[in-house]
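Asker: Residue numbers (the working numbering), protein chains in the order written: chain A, 0 to 317; chain B, 0 to 317; chain C, 34 to 337; chain D, 34 to 337.
No wet-lab data here; the hints were simulated from the structure. Nothing here was measured: the structure is a model prediction, and the numbers come from that model. Backbone N, C-alpha and C fix where the C-beta goes; we use that ideal spot for every residue, glycine too. Each hint should be verified, as a subset may be incorrect.
Here are the simulated DSSO-like cross-link-like pairs (lysine-lysine), alpha carbons at most 27 Å apart as the crow flies [unchecked claim]: (1) A:K245 with B:K187; (2) A:K187 with A:K1; (3) A:K278 with B:K187; (4) A:K44 with C:K201; (5) C:K201 with C:K219; (6) C:K244 with A:K44; (7) C:K201 with D:K219; (8) C:K201 with D:K244; (9) B:K44 with D:K219; (10) A:K33 with D:K219; (11) B:K187 with B:K245; (12) C:K244 with D:K201; (13) B:K33 with B:K44; (14) A:K272 with B:K278; (15) B:K272 with A:K272; (16) C:K219 with C:K244; (17) B:K44 with C:K52; (18) A:K44 with D:K201; (19) B:K44 with D:K201; (20) A:K187 with A:K278; (21) A:K245 with B:K278; (22) C:K219 with D:K244; (23) B:K33 with C:K201; (24) B:K33 with A:K272; (25) C:K219 with D:K219; (26) A:K278 with B:K272; (27) B:K278 with A:K278.
Chain A is nowhere near these chain C residues, computed Cβ spacing over 12 Å in every case [said to hold, decoys possible]: (28) S121; (29) E173; (30) A294; (31) L297; (32) V309; (33) R315.
Computed Cβ-Cβ distance ranges for the label pairs, DEER-style [as the list claims (entries may be wrong)]: (34) A:T2 with D:A46: 25 to 35 Å; (35) C:S154 with D:K219: 43 to 53 Å; (36) C:G93 with A:G179: 49 to 59 Å.
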Amino acid sequence: MKTLTMLQAIEEAIFEEMARDPRVLTFGEGATVKWSQLRQAYGPKRVRTTPLSEGIIAGTAVGASAMGLRPVVDLLYAPFLTYAMEPLINSAGKQRYMSGGQFSFPLVVLVSTGVVPFYGAHHCHNLEAWFAHASGIKVVMPSSAAEAKGLLKSAIRDDNPVIFFHDIPLEHVPGQIPEGEHLIPIGKAAVVREGQSATVITYGRLVQTALEAAATLAEQGVSVEVIDLRTIKPLDEEAVLASVRKTGRLVVVHEASGTCGVGAELAAIVAGKAFSALKGPILRLTGPDTPVPASPPLANMFAPQAPQIIQAVQQLVG
Amino acid sequence: MKTLTMLQAIEEAIFEEMARDPRVLTFGEGATVKWSQLRQAYGPKRVRTTPLSEGIIAGTAVGASAMGLRPVVDLLYAPFLTYAMEPLINSAGKQRYMSGGQFSFPLVVLVSTGVVPFYGAHHCHNLEAWFAHASGIKVVMPSSAAEAKGLLKSAIRDDNPVIFFHDIPLEHVPGQIPEGEHLIPIGKAAVVREGQSATVITYGRLVQTALEAAATLAEQGVSVEVIDLRTIKPLDEEAVLASVRKTGRLVVVHEASGTCGVGAELAAIVAGKAFSALKGPILRLTGPDTPVPASPPLANMFAPQAPQIIQAVQQLVG
Amino acid sequence: MLLIRTLEDRLGALCREGKAPMIAASTGQEAAALGVIDTLGPDDLLLTNHRSMSHLLSRGADPGRVLAEILGKRTGYCQGKASHLHLSIRELGIMLTSTVVGAELSLAPGIALGASMQDSSGIVACFFGDGGACEGVFHESLNLAALWELPILYACENNNWQAFVSVKEALPTARIADFAASYGIKSQSIDGTDLEAVREAAQAAQAYVRKERRPFLLETHCPRLRGHAVLDPMHYVDAEEQAAGWARDPLVALSQRLAQAGVLSDEARAQMQREVDLEVERAVAFAMESPYPGPEELLTDVFA
Amino acid sequence: MLLIRTLEDRLGALCREGKAPMIAASTGQEAAALGVIDTLGPDDLLLTNHRSMSHLLSRGADPGRVLAEILGKRTGYCQGKASHLHLSIRELGIMLTSTVVGAELSLAPGIALGASMQDSSGIVACFFGDGGACEGVFHESLNLAALWELPILYACENNNWQAFVSVKEALPTARIADFAASYGIKSQSIDGTDLEAVREAAQAAQAYVRKERRPFLLETHCPRLRGHAVLDPMHYVDAEEQAAGWARDPLVALSQRLAQAGVLSDEARAQMQREVDLEVERAVAFAMESPYPGPEELLTDVFA
Ligand SMILES: Cc1ncc(C[n+]2csc(CCOP(=O)(O)OP(=O)(O)O)c2C)c(N)n1
Ligand SMILES: Cc1ncc(C[n+]2csc(CCOP(=O)(O)OP(=O)(O)O)c2C)c(N)n1
Ligand SMILES: [Mg+2]
Ligand SMILES: [Mg+2]
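Produce the complete structure using the sequences and hints provided.
Answerer: What follows is the structure, encoded as structure tokens:
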């Protein structure tokens, strides 16, 4: 085992995949400075900086992937994705289908997401649900440095476009990384804590929060199962349903705004397919339907906190 | 009463609002040809054509609305919105909040949505859920010409950004329009058919389909309540919950892809807040998680059809 | 060119009968397409936009499979999922027919990068309209192609119109080629109705791109003879401009040139037309008789 | 200028102590901001980007309320929801501080249209960086402003860097003003470190925009002395360039000029600094002591 921050784990994942497969390349605004190890190891053809033009960065990734390269591009912060939607949605997400399967688009888009004080709404906007709603695009969001490494390596090997959201507050958090080849499959959720009385499903940074809540609840004698989705699309419906069929109670938790978010999808899946197992309402704890405020106390209130999770579970089991 | 197609009703709504309020203006690619009546009546300053540049059309609408004008802009087909996301999401949707309420953005974006044979995935993509998920933006989708007129007039008077999606297949369908001032409030759903045994919630073109299904079910002795959401955001939670509390059964129907769609939100609201009233699972009938195919038989299969709605209701009441 | 014209006219007739969708015909722009594509090699790659028939056929696409695709049939190049507006043909290097204006410009640098990094000597020809030049991505594409020295022949067919908007209402310059200089990109702006002139300019342009591995912008001015899409009544285009357009019909120009040069007699021309008609009818029959994709196809080819 | 410099330096120190967020200081660009804004009238409107301190203070923003906003306090201009990166001040005509690069360019035409159509004689000054000029929307904005004859003074502060990317890696030209000509827009490219030169050029530029109701692009070349954000170690910028930057410090240039002209004695300069220091400390105290917004503010001002 060794210790890396999530950003270091991401660089290591790209590093290893670039070593493994000469088709992998990486580019983005300032990529040569941000990923200086990659640049040193793989040179200017495979590690490129770009102008400040998210649209053409994304478009170029899509074009290059259609040709069989495997670009990993860094679009920095989630709100900047708004400049890159056209090629990601209309080409990467649709052109395989529209062409009757002639093309595939093995590309990865790295984006920082999540709320931090002072950053505000032009840097912080959790947009994973958009890409889950669109077609032909996979969406991944790791909960730790090790998860980031394992999921990113799989994402780079995946033959489809993958949007890889990583939480800003986790970027510099160190974590233990398994030695050797470390791959985590896309599309499989992880039961990160087993339990009997209620299921809490979340992803990204809030997995830690959910585990804290579960630990507190365990002290109170309430056994909670915590699921880390890992992949938001394709969503591991089986894991979700299996857990809720066991516990009969569900709390879904994420930082993104609620309306039409991933939590809504989870609730709908369960209300449709595991209704008879449910012992009570499905509770959603999400960020509010507001932009992200910069002011620290407000920013710190944005995401659901452990006490709210505890209270929701208590409400269900009470 | 008079008869207009939905497109004519839209033009009439803008016409009346331009007469009423000198701050209303309209622009878009080819607007002077498409809205020739408006151009004739209101001249080149208030009815403008633009270059083929959705980004700056949207940005200009946002800027003009910040100054107190009330622009109505036509962005043509929903997939073209991907070029216009930056100003709509990051400025129109956030800048009121970020500025602590200094600005408001009274603008309307007109967009064609819905599936038609041959058009394919670059013209057809139901994206209303994206805007519902983002913050600070209202979303409206009318089910007929009269609804379009009444909702659009309210949208133009609303002090917030409103994305007004109108179904391509309805554009040339004639409908009866009430004489005189015809306003439909934003944020209120309509119970378009009352019933006791199950609730079907939908919006846009599929309201007609749901009504057909309900008529058939009535012949079979099943009393179905049909709700036309009219406004997707803000969503009329009260009307939704009231109906489900009465019927105990819910089928949600829309053409957009299912994952993180409006149907997921409806299911989550009900599973969270009216769980005890539910007599069975919440069934979702939505478009598949695929791009829209051009081939006529595939395009015609994309949206849920009346027989599927009938079957879903039968499954619930059976 | 005769094939393109005949096929598109036939499609127009089918559309009027309700048997085919309304296509954006390339009528008037055939020489601009053929002249460029004639100079390309088999390793070269193409991207085009909604007005792509001239590009598809110039590149050697099978009219039957093209028509089948347009009608949404399983035997089409994209199994019917694309129809006319998104028709790509990988085996011919046609990577994209884009109907979101500008997507072709967005993908071109990546396609060129992919070719270059995988040691192909191929270049990329990216066809787009004057309307495409209004999208910001046009500039982003030129900029990246210049910076990364990508072998792209940007081929702008400037037909003076972007749907119902005249280029005069949309840009302060009528010459799209003028934008290239800001990026240090060489360019040329020519009459796109003269097949020989286009071929000559394209020959030089593609040779430059191929040798220097740098972008070049070739602008061809042509009339848009059938309007935005085939049933467009064009009441927003004044009659004089329409007449002037037809006076520049590239097919008439070519026929006259060949006739004057004595290489195409009236009889040979008529014979050629008969053969093309036959080919088109065969294609129509093939497309009409082809089956639609089965319902299971709705869900296939979303993910690889 | 002294106020801007002093306040930003103080913020840098606070940041190092963990008491303030990391701002993108305008150090080196003060003259480029003040010289332009000095020439504007009260009806004029401004948009700016992440590097906005120089614009806010030049326009007369209250340092206490600016600092309070930066610290996320309720007494800030945006009630703490904006912090430094999105600070707008409607009462001063500051319509947007954008941190999504290019949003200022995107909104500028609409702001100008709004002013013009409501019979304001005001013009719009849109401040942006060389990085903003890489976004496609820069071109879309210039194009629309030219076509619709909108009174916008595009003020590009070209500081040679876009975060960690040199302008040389990002554009084939080092002069952003060169792009204006394609749209028939007049432009000028000047040294942005000489306050008098900027003021003179801006005076002419704003007069042109005001009189002709047409856009103008004024580019000011300046050094980015504190890096991308205040704690940036700048190891990617070579030492020579950094030194050359400091040699062009606009504040030093101004002080020297005033001293040489005999209008600013050393003593007067020191006295001025003391006054500014006092003002800044008062502002810091006001900001520090101000309350945060209450939790209910999380949900307010989403919709009008
Ligand atoms: C992004 C986008 N905006 C608008 C449209 C609608 N539209 C289709 S073709 C067209 C005109 C395109 O003009 P140009 O690029 O000059 O091509 P031409 O039709 O003249 O061949 C427009 C506006 C579109 N398809 N995509
Ligand atoms: C759309 C977008 N892309 C990337 C960034 C990250 N970023 C912040 S400032 C900056 C550099 C901007 O350069 P320039 O416009 O020249 O302004 P400067 O910082 O030099 O003043 C970048 C890339 C951003 N904020 N927005
Ligand atoms: Mg054109
Ligand atoms: Mg800069």
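Asker: Each hint: holds or not?
Answerer: Each hint tested on the structure:
1. Of the supplied pair hints, the one linking K245 of chain A and K187 of chain B is violated, its CA atoms being roughly 39 Å apart against a limit of 27 Å.
2. Between K187 of chain A and K1 of chain A, the direct Cα distance comes to roughly 25 Å. Compliance with the 27 Å bound is thereby established for this hinted pair.
3. Straight-line distance between C-alpha atoms of K278 of chain A and K187 of chain B comes to about 32 Å, which puts the hinted pair past the 27 Å bound.
4. Among the hinted pairs, K44 of chain A with K201 of chain C is inconsistent with the structure: their alpha-carbon atoms are about 41 Å apart, more than 27 Å.
5. A distance of roughly 24 Å separates the Cα atoms of K201 of chain C and K219 of chain C; the hinted pair therefore holds under the 27 Å criterion.
6. Taking the CA atoms of K244 of chain C and K44 of chain A, the gap is about 19 Å. The hint holds against a cut of 27 Å.
7. Between K201 of chain C and K219 of chain D the alpha-carbon distance is near 19 Å, which keeps this suggested pair within the 27 Å criterion.
8. Between K201 of chain C and K244 of chain D the CA atoms are separated by roughly 24 Å; this keeps the pair inside 27 Å, and the hint holds.
9. Restraint check: the Cα-Cα separation between K44 of chain B and K219 of chain D comes to about 24 Å, which is no more than 27 Å; the hinted pair holds.
10. Between K33 of chain A and K219 of chain D the CA atoms are separated by roughly 38 Å; this puts the pair beyond 27 Å, and the hint is violated.
11. Restraint check: the Cα-Cα separation between K187 of chain B and K245 of chain B comes to about 18 Å, which is no more than 27 Å; the hinted pair holds.
12. For the given pair, K244 of chain C sits about 24 Å from K201 of chain D by alpha-carbon distance, which is consistent with the 27 Å threshold.
13. With a C-alpha separation of about 16 Å, the suggested pairing of K33 of chain B with K44 of chain B holds against the 27 Å cut-off.
14. A hinted pair counts as satisfied when its Cα atoms are at most 27 Å apart, and K272 of chain A with K278 of chain B qualifies at roughly 14 Å.
15. For the hint linking K272 of chain B to K272 of chain A, the alpha-carbon distance of about 18 Å falls within 27 Å, and the restraint holds.
16. Under the criterion of a C-alpha separation no larger than 27 Å, the hint pairing K219 of chain C with K244 of chain C is consistent with the structure, at around 14 Å.
17. The suggested pairing of K44 of chain B with K52 of chain C is violated, with an alpha-carbon distance near 42 Å, which exceeds 27 Å.
18. Restraint check for K44 of chain A and K201 of chain D: the C-alpha separation of about 17 Å stays at or below 27 Å, so the hint holds.
19. Between the alpha carbons of K44 of chain B and K201 of chain D the distance comes to roughly 41 Å, so the proposed pair goes past 27 Å and is violated.
20. Between K187 of chain A and K278 of chain A the CA atoms are separated by roughly 26 Å; this keeps the pair inside 27 Å, and the hint holds.
21. Note on K245 of chain A and K278 of chain B: the hinted pairing holds, with a Cα-Cα distance of about 21 Å set against a maximum of 27 Å.
22. Distance check on the hinted pair: K219 of chain C and K244 of chain D sit about 37 Å apart at the alpha-carbon level, beyond 27 Å; violated.
23. Under the criterion of a C-alpha separation no larger than 27 Å, the hint pairing K33 of chain B with K201 of chain C is consistent with the structure, at around 18 Å.
24. At most 27 Å may separate the alpha-carbon atoms for a hinted pair to count; K33 of chain B and K272 of chain A exceed this at roughly 47 Å.
25. Proposed proximity of K219 of chain C and K219 of chain D is supported: the alpha carbons are some 23 Å apart, at most 27 Å.
26. Pair hint K278 of chain A plus K272 of chain B holds up; C-alpha atoms about 14 Å apart against a cutoff of 27 Å.
27. Between K278 of chain B and K278 of chain A, the direct Cα distance comes to roughly 13 Å. Compliance with the 27 Å bound is thereby established for this hinted pair.
28. The non-interface label for S121 of chain C is inconsistent with chain A: the shortest C-beta to C-beta separation is roughly 5 Å, within 12 Å.
29. The beta carbon of E173 of chain C is not kept farther than 12 Å from every beta carbon of chain A, the shortest such distance being approximately 4 Å.
30. Every Cβ of chain A is farther than 12 Å from the Cβ of A294 of chain C; the closest lies at roughly 41 Å, confirming the non-interface assignment.
31. Listed as outside the interface, L297 of chain C is consistent with that label: its C-beta sits roughly 38 Å from the nearest C-beta of chain A, beyond the 12 Å cut-off.
32. With a minimum CB-CB distance of about 28 Å to chain A, V309 of chain C clears the 12 Å threshold, and the non-interface call stands.
33. Against the 12 Å criterion, R315 of chain C stays outside the reach of chain A, whose nearest CB is about 23 Å from its own CB.
34. Checked against the hint of 25 to 35 Å, the pair T2 of chain A and A46 of chain D passes, with Cβ atoms roughly 32 Å apart.
35. With their beta carbons about 44 Å apart, S154 of chain C and K219 of chain D fall inside the hinted range of 43 to 53 Å.
36. At about 50 Å, the beta-carbon gap between G93 of chain C and G179 of chain A stays in the expected band of 49 to 59 Å.
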